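Could you build all of it, start to finish, from the sequences and the hints given here?
Chain order of the listed sequences is B and D.
For the first sequence, the residue numbers in our numbering are 1 to 286.
For the second sequence, the residue numbers in our numbering are 1 to 199.
Check the hints yourself; a few may be wrong.
As the list claims (entries may be wrong) - Pairs of lysine-lysine residues, derived as DSS-like cross-links and limited to a Cα-Cα distance of at most 30 angstroms, are as follows: (1) Lys159/D to Lys218/B; (2) Lys218/B to Lys158/D; (3) Lys5/B to Lys152/D; (4) Lys158/D to Lys45/B; (5) Lys159/D to Lys45/B; (6) Lys5/B to Lys52/D; (7) Lys152/D to Lys218/B; (8) Lys158/D to Lys140/B; (9) Lys226/B to Lys156/B; (10) Lys211/B to Lys52/D; (11) Lys45/B to Lys52/D.
Stated by the list, open to error - Using C-beta positions, here's what the derived DEER-type ranges look like: (12) Asp236/B to Lys52/D: 17 to 23 angstroms; (13) Gln131/B to Lys159/D: 44 to 50 angstroms; (14) Val135/B to Lys158/D: 55 to 61 angstroms; (15) Arg154/D to Ser2/B: 50 to 56 angstroms; (16) Lys5/B to Glu29/D: 42 to 48 angstroms.
Simulated from the structure, these hints should not be mistaken for laboratory data.
Bear in mind the structure is a predicted one, so any value in this text is a computation, not a measurement.
We treat Cβ as the ideally placed atom computed from N, Cα and C, and that holds for glycine.
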Amino acid sequence: MSCEKVRNLLGPYVDGEAAPDARREVEAHVSDCYTCSEEFEHIRKLAVSLGRFRTGSVPSELWTTIEHRLDNQSRVRSFFPSVVRSRSLLAIAASIVVVIGLGLFGLPWGRDSSQVHAESVDFAVLLDGLQHDAVAAFDKFLTQYKAVVTTPEEAKRNAFGLNFDLPLTLPGGFELQTAYVLRFGEAPGVAARYDRGGEFLGVVFHAPVLKEHFGTHKDRACVVGKHRGHSVPVGDWSLVHLTDPTTCHCVLSRLNESTELPAVMAALAPLYAPTTGASDHRPDGS
Amino acid sequence: MDRAAQQEVYGRTVERVYGVLLRITHSSEDALELAQETYYQAFSHIRGFDGKSSFDTWLYRIAVNEALQLMRREGMARAKRESLAVQPGTDAGDDDADARIDIEAALVELHPLERTMLILRYQEGLDYQTIAQITDCSPGTVGSRLNRAREKMRELLKKGYSFAEETPAPKHPMDRVEGESVDGNTTPSAPRVRRGTGT
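As structure tokens, then:
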């Protein structure tokens, strides 16, 4: 066995992960090779040194904070149980709310529930439900952030500072069904539902300072057109994020990232600046 | 999962979860926030646990995901801001403390994913299969990433960082006496060496 091959096996050997045959070959080689024996010694010492660190104690307030968030979540769920179960009821309730006006955001119950997700956007509920029923999962996400039905124009006025567009028709023939304003903690957001002959496409815009959570799902770097972003794939679906200095543009669809999605994204983010954007979503490089 | 069960899971796992987050981020503030998010996500989406791995592995996976996302968003500069949040253990003599801090400083220089691999393997003692489940890759990839991380550590240590020497200066292999062990309790024995050239 060559030195190069042995050196690739030394790590697994030290870690107890090398197969029995490989172990024997490593041992035979190292016993005859001073250079590889030194390499072995280096890896072994590094392993021992790395294992010697301890961390400080867990802050005592951690459990209390978690419990408080879970309690808040329970209160929100118990307030919206029927809405979460029924899409049509959500639409009716949302329509009533928009007639009354957006001033509802000032009501005490609204503020209390929005604090659950302050300063973050939790996509886990959406991603978890995609394989089962994407539209229902999107509705659940909207409910989580107190979606209120509105017009595209009103959405732009209420989400001042976000850079986006909500055209009535997207490239590829998707037609706007419903626009919503959302609340991510104290920050405004916008969502929309598009349809192409029964094919659903969802859109969410939020400020880039908000943290995104994907639950157990993994995001990966992607390129849409000339822009770098990141994508969370779930089955045929993917939630693609492109960020410019003012807005994170999130599109949930089954569209191909190379062919159909660039035009759709360009329509939703017409002023997207590739030279300054996407800095928050750099690929791993790993 | 009721509250008592949640508290039991929390009590059983929090030291390790918080420890991993602290070592990845090198910020007690970030580790606290990420640990909170980890348990909130786990308890809120318990139905997402598919039983393909152990619950603890699933919890690690959420924690590592959250930490790597944070590091990606905010860059490595954040990790360097609080580079000594991790304290050397107290079970070894103080004369090794400086060298161990050097190792820790070298760890901070690594890419977060490579640092995470080293932490999960050597500080958490997890096998390649479990690390693969946590980081969503194959055990073979874990092995090659660990090789790369170790190689980078070697380069960094050459620049002035040093090892915590748990043994006296190594003897030349030819000087070892028959039957003498060169290793500690947790790593395999070094095969005895005869002087020779690489093949």
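Outcome of the hint check:
1. Restraint check for Lys159/D and Lys218/B: the C-alpha separation of about 35 angstroms exceeds 30 angstroms, so the hint is violated.
2. Proximity of Lys218/B to Lys158/D is assessed by CA-CA distance (about 35 angstroms); at most 30 angstroms being required, the pair is judged violated.
3. Taken as a hint, the Lys5/B and Lys152/D pair is honoured in the structure, with Cα atoms around 19 angstroms apart against an allowance of 30 angstroms.
4. Distance hint between Lys158/D and Lys45/B is fulfilled; the C-alpha atoms sit about 14 angstroms from each other, no more than 30 angstroms.
5. Simply put, Lys159/D and Lys45/B have alpha-carbon atoms about 17 angstroms apart, close enough for the 30 angstroms limit, and the pair holds.
6. With a C-alpha separation of about 33 angstroms, the suggested pair Lys5/B and Lys52/D falls outside the 30 angstroms cut-off, and the hint is violated.
7. The straight-line distance between the Cα atoms of Lys152/D and Lys218/B is roughly 26 angstroms, inside the 30 angstroms bound, and the hint therefore holds.
8. For the given pair, Lys158/D sits about 54 angstroms from Lys140/B by alpha-carbon distance, which is inconsistent with the 30 angstroms threshold.
9. At roughly 26 angstroms between alpha-carbon atoms, Lys226/B and Lys156/B fall within 30 angstroms of each other, so this suggested pair holds.
10. Among the hinted pairs, Lys211/B with Lys52/D is consistent with the structure: their alpha-carbon atoms are about 28 angstroms apart, no more than 30 angstroms.
11. Restraint check for Lys45/B and Lys52/D: the C-alpha separation of about 34 angstroms exceeds 30 angstroms, so the hint is violated.
12. Taken as a hint, the range 17 to 23 angstroms holds for the pair Asp236/B and Lys52/D, whose Cβ atoms sit roughly 21 angstroms apart.
13. Separation of Gln131/B from Lys159/D is about 48 angstroms and conforms to the stated range, judged on CB atoms against 44 to 50 angstroms.
14. The hint said 55 to 61 angstroms for the Cβ distance between Val135/B and Lys158/D, and at roughly 57 angstroms that hint holds.
15. Distance hint check for Arg154/D and Ser2/B: the Cβ-Cβ separation is about 20 angstroms, which falls outside the suggested range of 50 to 56 angstroms.
16. Between Lys5/B and Glu29/D, the C-beta spacing of about 45 angstroms keeps the proposed range 42 to 48 angstroms intact.
When held up to the earlier numbered hints, the structure conflicts with 1, 2, 6, 8, 11, 15 and fits the remainder.
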